[in-house]
Structures are given as C-alpha cells and as structure tokens.
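**Student:** From first to last, the protein sequence lines are chains A and B.
Positions 1 to 409 (full-length UniProt numbering) are the ones given, in order, by the first sequence.
Positions 1 to 291 (full-length UniProt numbering) are the ones given, in order, by the second sequence.
No lab work stands behind these hints, which were simulated from the structure alone.
Take these hints with a grain of salt, some might be off.
Residues from chain B that face chain A, not an exhaustive set, calculated with beta carbons under 7 Å [as the list claims (entries may be wrong)]:
#1 10
#2 136
#3 177
#4 220
#5 255
#6 261
Residues of chain B clear of chain A, computed beta-carbon distances all greater than 10 Å [unchecked claim]:
#7 17
#8 82
#9 151
#10 155
#11 164
#12 174
#13 194
#14 256
This structure is a prediction, so every number in the text was calculated from the model and none was measured.
A virtual CB, placed ideally from N, CA and C, is assigned to each residue, including glycine.
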Amino acid sequence: MFKRLISLMLILVLSISMVACGDGESEDTSSEGSTEVELAQGITEDSIKIGTVAVQSGALSFIGAPYVAGMESYFKTINEDGGVNGRKIELIKKDDEFKPDKSVQAVESLIFDEEVFAIVGHLGTPGVVASQEIVKEEGIPSVYFGSGAVSLTKAGENFFPVQPNYLYEGKLMSKFAVEEFDAKNIVIMYQNDDVGNDGLDGFKDGLKELGEDSRLKAEVAFGGADTDFTVPIQKAKEQEPDLIILYGLSTGTAGILKGMENLGMTDVDTLTTYSNADASFLAVAAPGAPNAINNLHVMGWLEVTEESLQPLNDAMAKHFPDTPINAYTMAGWVAGETFVAGLEKAGDKLSWDGYIEAMNGLNYTDGLAAEISYSEGVREGVTQMSVSKVSESDGTYIFEQMTDFMEFK
Amino acid sequence: MAIFFQNIMAGLETGSLYALAALGLVLIFRTSDVINFAQGEMAMFSTFVAFTLFDGLGLSYPLAVIGALIFALLFGFIVERIFIRPASDASLVSKMIITLGLIMIIGGLASAIFGIDSYYFRQAISADSIDAAGVVVQPNALFIIAITLVIMAGLFYMINKTKVGIAIRATAQNEKTARLMGIPVFKVYSMSWIIATILGAIAGILMAPTTNVSTTMMAEVHLKSFIAAVLGGFGSFHGPVIGGLIIGILDNLVGMYISLTWKTVIVYGLLIVTLIVKPTGIFGKTHRKKV
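Can you make the complete structure from the sequences, with help from the hints?
**Tutor:** The structure is reproduced here in structure tokens:
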C-alpha cells in the first residue's frame with residue numbers, strides 16, 4: 001500500500017514537472033490574481049519580445065532596410081506612448097540575405113534561442129515559404145508577411161498574412177479590367193515564375209467567375225532577368241490589345257515598358273501589380289519609357305493620404321531620418337500596426353492561443369490599409385484594393401488614385 | 001516577315017553585348033588559361049563609375065564613358081597586379097577561385113560605395129527609331145552591333161598582324177618559351193586583363209539602359225557571355241562573337257515560333273547537344289599531340 005502511495009506521488013510530481021517545463025507556450029504563469037493568466041514565451045510583466053526576418057544586406061537590402069525601419073519606428077512610437085498594456089515591445093531583427101536556408105535558420109533561432117512571442121513581418125517569399133512548416137509545427141503567431149504567396153492563406157490558424165496574395169490580386173485585376181477599363185482585348189504578360197503564375201491563374205479565375213473569359217486574347221510569358229523583351233512584346237502587339245496586364249516584379253516590368261516604348265507600343269493601357277506601386281519603380285522605368293509610362297496603372301492596397309502618412313513621416317523623421325520613406329517603409333509600418341492591433345485586442349491573454357483567438361475577431365480599419373480582418377479559418381489578408389494611374393508633372397512621375405477601393409465578391 | 005526580321009535585329013543587338021563580354025573572357029583565357037568569373041562584377045563596377053560621372057558629377061555622356069574606360073584600364077591593371085600576379089605560381093584552379101573571391105569583394109565594394117538601388121542610365125544614341133518596311137530599327141542597336149564588329153576586327157588584327165599579337169599568341173602557347181624568347185609575359189598578362197576589363201565596361205554601359213545600373217545588372221549577361229564563349233570556342237576570337245549572336249537570335253526565334261515559356265530550356269538544350277557533338281565549341285580546334 002505504502003509502495004503504491006509512493007508510486008502515485010512520484011507520478012503526480014513527474015506529471016506536474018512535465019506540465020511546468022513542457023511547452024514553450026505556458027512557461028510562465030502569474031498566480032497572484034484571482035484568475036491565472038498563462039503567458040507565452042517572450043512575454044514578461046513589462047515587455048514583449050518579438051522577432052522579424054528580412055534582407056538587410058546585399059543587393060536586395062534596398063527592400064529590407066526601409067521595411068524594417070518602418071516597422072521599428074512604429075514600435076518605437078508605441079513604446080514612447082507607454083507600450084501595450086504597460087508592456088514595451090522589443091524587436092529582434094535577423095538578416096536572411098533573402099536566402100531561404102538562412103531564413104529558416106533565423107526563424108528557428110527566434111523561436112528556440114531568442115524565445116520570441118511572435119514573428120512579425122517576415123519578408124520575402126522564398127524564406128517565408130521555406131520556413132512555413134516550422135512556424136506551423138510550433139504554432140507561434142506569425143503576423144504579416146512581406147510576400148504574396150497564396151499558400152499563406154491556407155497555412156494554419158497561427159498565420160496572419162496581410163498583403164494581398166497574388167492569386168487574389170489577379171482576380172481583382174480582372175474585375176477592374178472589365179468594370180473600370182471595359183477592356184475587350186486583354187493580353188496578360190506574366191513573369192515566368194511563382195509570382196507571375198499566381199497572378200495569371202488569379203486573373204483567369206476572375207474572368208471565368210465574371211463570365212468574361214473571352215476578353216482574354218493571349219497569355220505571354222517573360223523572364224524577370226531577361227535582357228531582350230522583343231518577342232513577348234511582339235506577341236502582345238499581334239493581338240491589338242486595349243489593355244495589357246503586366247504581372248511581374250520591378251526589373252522585368254520596367255524592361256517590358258522600355259521595350260514597348262522602343263517598339264512604338266505607347267498608346268495601350270497597362271495595369272500592373274501593387275508590388276510596383278513605388279517611386280523607386282517609376283525612377284527606373286519612366287526615363288526609358290517616357291510615353292508608355294503615361295498609360296501605366298497600378299493596383300494598391302494602402303490608403304495613402306497626407307493625413308494618414310503623417311504619423312509614419314513623424315516617426316521616421318525622429319528615429320530613422322536617413323532612411324527613405326517608400327512603399328516598403330509603409331509595409332513595415334502596417335506590419336507593426338497589425339501586430340499591435342492584435343495585442344490590444346488580446347489584452348492580458350498573452351498566450352499563443354489567446355493572441356490567435358483575439359486576431360480571429362480582428363477588424364482593423366484605423367491603419368494605412370483599408371481594412372484588415374480575420375475570422376476562424378479565413379486568412380485572406382487585405383481584400384480591398386484600388387487602381388492608381390501614373391501622372392507626370394514637371395518631369396516628376398507620381399501615382400494618382402483613380403478608382404474606389406473594391407474587393408472581388 | 002517583318003516580325004521575323006524584328007527578332008533577328010533584336011537578337012543581333014543583345015547577342016553583340018554577350019559577344020563583347022565574351023571577348024574579354026576569351027582574351028584572359030587565351031593568355032593565361034584562367035577563366036575570370038569576376039568579369040561581370042568588374043563590368044558592373046565600371047558601369048557604376050560611368051553612371052556616377054554622368055549623373056552625380058554632371059559630365060556629358062561621352063566624357064563619362066571615356067572616364068569609365070580610363071577607370072577600367074586602371075581597374076584591370078590593379079586587379080591583375082594585386083590579385084592574380086602574386087598567385088602566378090599557383091594552380092589554375094586556385095587562380096579561378098581567386099576570381100570567384102573577386103566577385104564577393106567587388107560586389108561588396110559596389111554596394112558600399114554606390115548603394116543598393118537601381119538607376120536608369122541613358123542609351124548611347126538616343127535618336128528616334130527608324131521604320132524599315134515594318135521593322136523598327138533603333139540607331140542605338142545599330143551602334144551596338146557596329147561597335148562589336150569593330151572591336152572584334154580590331155582584336156583580330158591585333159592578334160594576327162601586330163607584335164603584341166605575336167607576344168599574346170606566344171605566351172598562350174608556352175609561357176616559359178615565350179619568356180626565353182624575350183617576351184615580357186607579365187606585361188602580356190597585364191594587358192589582357194586591361195583590355196578585357198575595358199570590353200566588359202563597354203558591354204555594361206551599353207546594357208545598362210535595359211537592365212538598369214545595379215549591383216546585379218550583369219548576372220544574366222555574364223552567364224550568357226560565358227555560354228557564348230563555350231559555344232563559339234574559347235580558342236578563337238570570332239567564335240565567341242558568333243556564339244553570342246547565335247544565342248541572342250536563337251533566344252528570340254525559339255521564343256517567337258516555338259514557346260516563350262520553354263525557350264530557355266530549348267535553347268540551352270540545343271547548345272548542350274552542340275557541345276556534345278563538338279566539345280571544343282563551334283570554332284574551337286582539337287589539339288592532337290604528335291608522338
């Protein structure tokens with residue numbers, strides 16, 4: 001009987017120990033209050049440690065540097081105002097050089113070595129996709145991805161994509177093409193990779209759902225690193241299009257526009273992805289395509305007005321005065337906004353489950369994006385977008401919003 | 001038919017740029033057996049210098065280009081003198097690894113000095129296009145093709161008709177014997193690096209209006225120039241030029257008449273088949289040792 005009692009006690013002690021050390025999510029408890037609140041890793045009474053992974057060195061750091069600065073300036077602003085529920089946000093930054101293997105290492109380091117509460121603003125499709133499995137397996141909240149990969153919308157409940165994915169954007173482009181441009185002969189020129197293929201599929205799906213498939217006359221592939229765009233442009237030209245969808249990233253799309261200029265195809269409307277809705281794109285594309293650029297339209301998901309940008313401008317001027325303010329800075333800022341909106345909603349329920357539950361009811365409309373909302377099983381991110389047109393004044397090119405925000409329903 | 005000739009014209013233009021870069025590779029290879037993997041990075045750096053002189057210092061385009069070519073001259077000399085010559089007794093593999101290391105050094109320096117953004121750089125000739133029976137001909141494209149042919153002819157003349165050429169050929173054939181004959185082989189090496197760097201700079205400056213000036217601008221061109229040199233044969237100067245033009249034209253014709261999506265696979269598949277049939281390249285010679 002005594003031996004059995006000892007055995008039972010041992011089992012009880014072991015069980016308690018295992019619960020205490022077992023999962024990273026409930027390593028800390030505060031038991032002084034009447035209700036016990038489980039705190040996840042990275043959370044203390046006065047701080048919240050989070051991590052981000054972005055390219056900060058090498059050829060693509062022109063994306064990562066302003067992006068991280070935008071995010072960090074938002075957290076600094078929040079901390080100056082006292083933090084979130086008295087907790088200051090501490091951001092750990094990892095540089096993955098835009099390489100998927102380094103990205104996976106960085107994510108693992110953030111989760112297991114730094115023991116962060118959440119990953120915020122992981123930048124770059126290759127790295128995001130490569131580390132998707134580990135994030136899913138661990139269940140750590142991952143908020144905002146600098147990626148339009150479709151897989152993120154179905155990756156799991158702990159994933160909170162914000163940027164529109166390329167498949168959805170492609171669908172919405174078809175709606176704009178039909179309803180706003182009233183285009184009868186559409187040609188889609190797409191970059192021959194995951195980005196372009198998602199956009200192409202989305203566009204075709206959208207036209208099909210709208211019952212307007214016949215408007216698409218040709219699908220023309222091009223390489224993002226090509227040095228000669230004569231063939232794709234000629235193939236498009238043969239169709240005598242009234243609208244060309246340019247679904248590719250900046251280098252290839254700029255190359256196509258310059259090629260159109262050289263081959264005298266300067267009077268056709270073009271519509272491109274939100275990835276190119278940035279002044280840095282205009283700076284490299286416009287001088288080589290001074291006429292073709294005037295017919296360029298871009299998708300956009302940020303509501304950028306002087307008033308809405310003021311807090312970002314102020315924070316950047318204060319904390320990162322030498323860093324340019326561009327679309328990447330704004331994206332980083334939105335990553336910060338989205339994460340903090342979830343924190344505020346979660347209150348003191350700062351376990352991973354508590355945060356995910358809070359995010360599932362989020363409907364955030366106070367930030368730079370028109371609306372960010374999630375519900376159980378729904379991870380579409382931003383679904384409302386508008387179209388802007390390039391306009392020129394005294395040799396300076398800017399984007400001017402020409403439609404209201406719409407979504408594909 | 002106009003579409004066909006349009007593709008040929010565009011293929012000749014881009015092919016010429018591959019050819020220019022390939023000529024630089026071949027020149028260094030023929031004199032020292034070394035393949036300069038950093039040729040693209042060196043060209044990128046010189047292009048940045050041209051852009052900075054033009055855009056940053058406000059020099060006229062011709063002056064900026066001349067300035068960049070002078071820089072390329074010094075750049076080629078310094079690289080050979082500091083990085084390659086001290087390793088003259090090292091194995092060929094070691095020398096090639098040095099050129100791989102140069103990629104990292106030059107790339108890192110370019111990012112630190114010129115920044116990480118992309119910049120637009122104007123065309124050499126910015127006159128209006130000419131419509132020739134439905135084929136749009138850009139004066140800039142004609143200029144690129146012409147300059148490639150002139151440089152190829154100049155190199156051909158220099159190699160075959162001048163004392164410098166004899167020195168290069170002798171050094172390429174047997175360095176020790178060349179030295180015994182009084183040929184300053186190190187000067188020959190130095191000169192080949194200088195000329196190759198200048199050729200790379202010309203290719204970079206002419207390519208910049210399409211790819212923009214950035215630290216990654218020459219990646220595709222360098223790869224294709226290497227393939228052009230292999231296809232045409234590293235043993236001749238006209239081979240890489242024709243190899244470059246073949247790649248430029250074939251890329252377009254396959255894309256236009258077979259498949260745009262599969263053109264890369266088809267074109268390079270064909271090139272591999274060519275090399276299986278003739279491993280030394282189209283114009284390469286097989287050297288047989290006599291017993």
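**Student:** Compare the structure with each hint and give your call.
**Tutor:** Against the structure, the hints come out as follows:
no.	hint	in the structure
1	10	holds (4 Å)
2	136	holds (5 Å)
3	177	violated (42 Å)
4	220	holds (5 Å)
5	255	holds (4 Å)
6	261	holds (5 Å)
7	17	violated (7 Å)
8	82	holds (25 Å)
9	151	holds (19 Å)
10	155	holds (23 Å)
11	164	holds (32 Å)
12	174	holds (39 Å)
13	194	holds (26 Å)
14	256	violated (5 Å)
Of the numbered hints stated above, those contradicted by the structure are hints 3, 7 and 14, listed in ascending order.
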